[in-house]
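J.: Residue numbers (the working numbering), protein chains in the order written: chain A, 1 to 138; chain B, 1 to 138; chain C, 1 to 138; chain D, 1 to 138.
Hints were generated in silico from the structure; no laboratory data involved.
Please read all numbers here as calculations on a predicted model, not as lab measurements.
Each hint should be verified, as a subset may be incorrect.
It does not matter which identical chain is used: a pair holds within one copy or between any two.
No farther apart than 25 angstroms at their CA atoms in a straight line, the calculated lysine to any residue pairs in the SDA-like style are these [what the hints assert, rightly or not]:
id: 1; residue 1: 70; residue 2: 114
id: 2; residue 1: 47; residue 2: 71
id: 3; residue 1: 102; residue 2: 124
id: 4; residue 1: 101; residue 2: 130
id: 5; residue 1: 78; residue 2: 134
id: 6; residue 1: 70; residue 2: 59
id: 7; residue 1: 102; residue 2: 128
id: 8; residue 1: 102; residue 2: 134
id: 9; residue 1: 7; residue 2: 57
id: 10; residue 1: 78; residue 2: 132
id: 11; residue 1: 106; residue 2: 89
id: 12; residue 1: 121; residue 2: 9
id: 13; residue 1: 106; residue 2: 135
id: 14; residue 1: 102; residue 2: 36
id: 15; residue 1: 78; residue 2: 131
id: 16; residue 1: 78; residue 2: 89
id: 17; residue 1: 106; residue 2: 129
id: 18; residue 1: 135; residue 2: 103
id: 19; residue 1: 102; residue 2: 89
id: 20; residue 1: 90; residue 2: 22
id: 21; residue 1: 121; residue 2: 12
id: 22; residue 1: 101; residue 2: 88
id: 23; residue 1: 101; residue 2: 52
id: 24; residue 1: 102; residue 2: 45
Number of protein chains: 4
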Amino acid sequence: MTKFHSKFETELQVRPDDIDMNQHVHNTRYLDYVLAARYDQMERCYKMPMEEFISLGYGWVVNIAHVEYKRPLGLGDKIIVRTWIEAVVKDGVHVRFEILKKDNNKLSCDGYVHYTMVSLKTGRAEGIPEWITAKYSV
Amino acid sequence: MTKFHSKFETELQVRPDDIDMNQHVHNTRYLDYVLAARYDQMERCYKMPMEEFISLGYGWVVNIAHVEYKRPLGLGDKIIVRTWIEAVVKDGVHVRFEILKKDNNKLSCDGYVHYTMVSLKTGRAEGIPEWITAKYSV
Amino acid sequence: MTKFHSKFETELQVRPDDIDMNQHVHNTRYLDYVLAARYDQMERCYKMPMEEFISLGYGWVVNIAHVEYKRPLGLGDKIIVRTWIEAVVKDGVHVRFEILKKDNNKLSCDGYVHYTMVSLKTGRAEGIPEWITAKYSV
Amino acid sequence: MTKFHSKFETELQVRPDDIDMNQHVHNTRYLDYVLAARYDQMERCYKMPMEEFISLGYGWVVNIAHVEYKRPLGLGDKIIVRTWIEAVVKDGVHVRFEILKKDNNKLSCDGYVHYTMVSLKTGRAEGIPEWITAKYSV
Numbered sequence: 001m002t003k004f005h006s007k008f009e010t011e012l013q014v015r016p017d018d019i020d021m022n023q024h025v026h027n028t029r030y031l032d033y034v035l036a037a038r039y040d041q042m043e044r045c046y047k048m049p050m051e052e053f054i055s056l057g058y059g060w061v062v063n064i065a066h067v068e069y070k071r072p073l074g075l076g077d078k079i080i081v082r083t084w085i086e087a088v089v090k091d092g093v094h095v096r097f098e099i100l101k102k103d104n105n106k107l108s109c110d111g112y113v114h115y116t117m118v119s120l121k122t123g124r125a126e127g128i129p130e131w132i133t134a135k136y137s138v
Numbered sequence: 001m002t003k004f005h006s007k008f009e010t011e012l013q014v015r016p017d018d019i020d021m022n023q024h025v026h027n028t029r030y031l032d033y034v035l036a037a038r039y040d041q042m043e044r045c046y047k048m049p050m051e052e053f054i055s056l057g058y059g060w061v062v063n064i065a066h067v068e069y070k071r072p073l074g075l076g077d078k079i080i081v082r083t084w085i086e087a088v089v090k091d092g093v094h095v096r097f098e099i100l101k102k103d104n105n106k107l108s109c110d111g112y113v114h115y116t117m118v119s120l121k122t123g124r125a126e127g128i129p130e131w132i133t134a135k136y137s138v
Numbered sequence: 001m002t003k004f005h006s007k008f009e010t011e012l013q014v015r016p017d018d019i020d021m022n023q024h025v026h027n028t029r030y031l032d033y034v035l036a037a038r039y040d041q042m043e044r045c046y047k048m049p050m051e052e053f054i055s056l057g058y059g060w061v062v063n064i065a066h067v068e069y070k071r072p073l074g075l076g077d078k079i080i081v082r083t084w085i086e087a088v089v090k091d092g093v094h095v096r097f098e099i100l101k102k103d104n105n106k107l108s109c110d111g112y113v114h115y116t117m118v119s120l121k122t123g124r125a126e127g128i129p130e131w132i133t134a135k136y137s138v
Numbered sequence: 001m002t003k004f005h006s007k008f009e010t011e012l013q014v015r016p017d018d019i020d021m022n023q024h025v026h027n028t029r030y031l032d033y034v035l036a037a038r039y040d041q042m043e044r045c046y047k048m049p050m051e052e053f054i055s056l057g058y059g060w061v062v063n064i065a066h067v068e069y070k071r072p073l074g075l076g077d078k079i080i081v082r083t084w085i086e087a088v089v090k091d092g093v094h095v096r097f098e099i100l101k102k103d104n105n106k107l108s109c110d111g112y113v114h115y116t117m118v119s120l121k122t123g124r125a126e127g128i129p130e131w132i133t134a135k136y137s138v
């Protein structure tokens with residue numbers, strides 16, 4: 001397990017279909033923003049896009065998701081999704097995230113997602129090879 | 001092409017996450033209700049569930065979707081999704097639908113969806129075998 | 001704060017649009033099932049539907065959401081969403097949930113959601129009146 | 001009714017949660033891309049953002065939606081959503097759209113959406129004032 005991990009940022013924009021009856025972003029869409037940011041950062045920052053995992057027969061499944069909501073986002077808001085790996089464990093990664101409203105840099109929500117790496121064939125957890133851990137240790 | 005096709009009905013309920021910022025069901029969710037009704041009716045009414053198509057290497061893709069909105073649905077509404085095959089053509093089916101609000105039987109929207117049957121391997125349109133046309137000719 | 005709270009159950013069915021690229025229910029939709037169950041149970045079990053809160057000028061916002069995924073749900077699955085109030089606090093409720101696959105009664109995921117009651121006018125947290133706490137103490 | 005209307009473009013990116021069990025963008029999400037493009041273009045191109053309509057007591061509802069699918073979009077695709085007003089009628093606008101995959105400029109789908117302008121108070125169709133028609137006649 002490595003000690004320090006870089007924080008990466010992805011900029012996104014709220015879509016009108018993300019808004020729910022309370023006139024704010026629907027509470028589950030924040031996790032979809034995190035997912036979009038991870039896909040972007042896997043490719044752009046870790047240099048290992050999801051497609052590469054898939055071609056190796058690996059997939060990632062969400063094991064635990066935890067969100068603490070601070071300030072709601074609304075129609076048209078531009079956001080920064082910051083994520084970083086807190087720890088790489090035997091068969092997964094602990095990822096922390098913060099979503100900020102871009103125009104005032106205020107925290108909208110934060111939390112964490114534990115992902116497990118699985119074999120696409122068996123659906124079972126797989127030990128993460130050293131070389132992938134190395135890629136994730138930036 | 002057969003001339004008469006049965007109309008089948010599936011009962012569903014609006015979910016809170018279907019409601020958008022206008023306090024009504026989001027306009028695209030009506031098409032998701034039609035999809036849910038088709039899956040239910042493929043299994044229950046045509047006796048050929050989606051899983052059977054997949055195991056034969058077939059899939060269905062939407063070619064055209066057309067919806068005319070009459071009366072919005074809201075939180076908690078129970079609905080009837082009525083669909084029927086208007087025509088089975090060489091490589092697809094023309095399906096018509098009506099969505100009604102259950103408690104007053106009033107039309108919420110209607111329209112049609114043209115589906116094409118594809119080979120899951122090639123992604124290309126496939127001629128529909130006689131025996132499937134027969135199943136769809138109830 | 002009351003000590004014992006009833007567990008209530010709502011039966012739902014996975015919709016085809018809930019399935020994501022991994023052929024299972026998308027991870028955020030489980031929280032939408034919990035939302036749907038709470039709305040159903042507020043009306044049916046606590047005898048105080050969401051509409052009544054709204055007409056009193058109250059709303060509920062999600063403060064924390066936490067989900068632990070055990071077994072994925074798939075196309076066509078029927079599910080049981082069991083929720084119960086763990087605690088009513090000054091301005092909110094701690095709700096725990098379990099989602100079970102109906103045909104084998106196995107746990108698909110569990111977790112909790114902390115809701116805060118807000119004034120719809122100000123958007124700020126409101127103390128929960130005694131009589132609402134009483135309704136929630138079944 | 002004016003004769004010529006500009007075509008405007010908005011660039012968007014497919015989000016992972018848009019992908020469905022067929023590994024392509026879910027068929028209803030294309031309409032959500034059109035909605036996002038219209039909101040962007042109302043503000044940026046017509047100089048009258050949705051918020052201004054709302055503050056004047058006006059809203060827009062979808063009356064008819066029609067989509068013809070040509071080539072599916074997939075994970076990570078960048079897209080161009082081109083929309084233009086085909087006609088401004090008494091109480092609504094006919095909008096045509098094309099969605100193109102950015103990297104090859106090929107058409108993914110096209111179609112139209114008929115929107116009706118409503119009073120937010122009554123929910124009924126409203127005649128569109130001359131000055132709004134003028135704004136829409138670029």
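J.: How would you label the pair residue 121, residue 12 (within, between, both, or neither) given a Cα cut-off of 25 angstroms?
T.: neither (33 angstroms within a copy, 29 angstroms between copies)
J.: Should residue 47 paired with residue 71 be assigned to within, between, both, or neither, using CA atoms and 25 angstroms as the limit?
T.: neither (32 angstroms within a copy, 28 angstroms between copies)
J.: First find the shortest C-alpha distance between residue 102 and residue 128 inside one copy, then the shortest across copies, and answer within, between, both or neither for a cut-off of 25 angstroms.
T.: neither (35 angstroms within a copy, 34 angstroms between copies)
J.: At most 25 angstroms between C-alpha atoms: does residue 106 with residue 135 qualify within a copy, between copies, both, or neither?
T.: Result: close neither inside a copy nor across copies, 31 angstroms intra and 35 angstroms inter.
J.: Give the relationship of residue 102 and residue 134 under a CA distance limit of 25 angstroms: within one copy only, between copies only, both, or neither.
T.: neither (31 angstroms within a copy, 33 angstroms between copies)
J.: Quick one: residue 101 to residue 88, C-alpha cut-off 25 angstroms, is that within a copy, between copies, both, or neither?
T.: The answer is neither: 28 angstroms in one copy and 31 angstroms across copies each exceed 25 angstroms.
J.: Reference check for the pair residue 102 and residue 45, CA-CA at most 25 angstroms: within, between, both, or neither?
T.: For residue 102 and residue 45, both the intra-copy (20 angstroms) and inter-copy (22 angstroms) Cα distances are at most 25 angstroms.
J.: For the identical chains here, do residue 78 and residue 132 meet the 25 angstroms Cα criterion within one copy, between copies, both, or neither?
T.: neither (32 angstroms within a copy, 27 angstroms between copies)
J.: When Cα atoms must be at most 25 angstroms apart, do residue 102 and residue 36 count as within-copy, between-copy, both, or neither?
T.: both (17 angstroms within a copy, 19 angstroms between copies)
J.: Taking 25 angstroms as the upper bound on the Cα-Cα distance, should residue 78 and residue 89 be classified as within, between, both, or neither?
T.: Classified as neither; 33 angstroms inside a copy, 33 angstroms across copies.
J.: When Cα atoms must be at most 25 angstroms apart, do residue 101 and residue 52 count as within-copy, between-copy, both, or neither?
T.: between (31 angstroms within a copy, 22 angstroms between copies)
J.: Between copies, within a copy, both or neither: which fits residue 135 and residue 103 at Cα up to 25 angstroms?
T.: neither (32 angstroms within a copy, 28 angstroms between copies)
The structure does not agree with the numbered hints 2, 4, 5, 7, 8, 9, 10, 11, 12, 13, 15, 16, 17, 18, 19, 21 and 22 stated previously, though it agrees with the rest.
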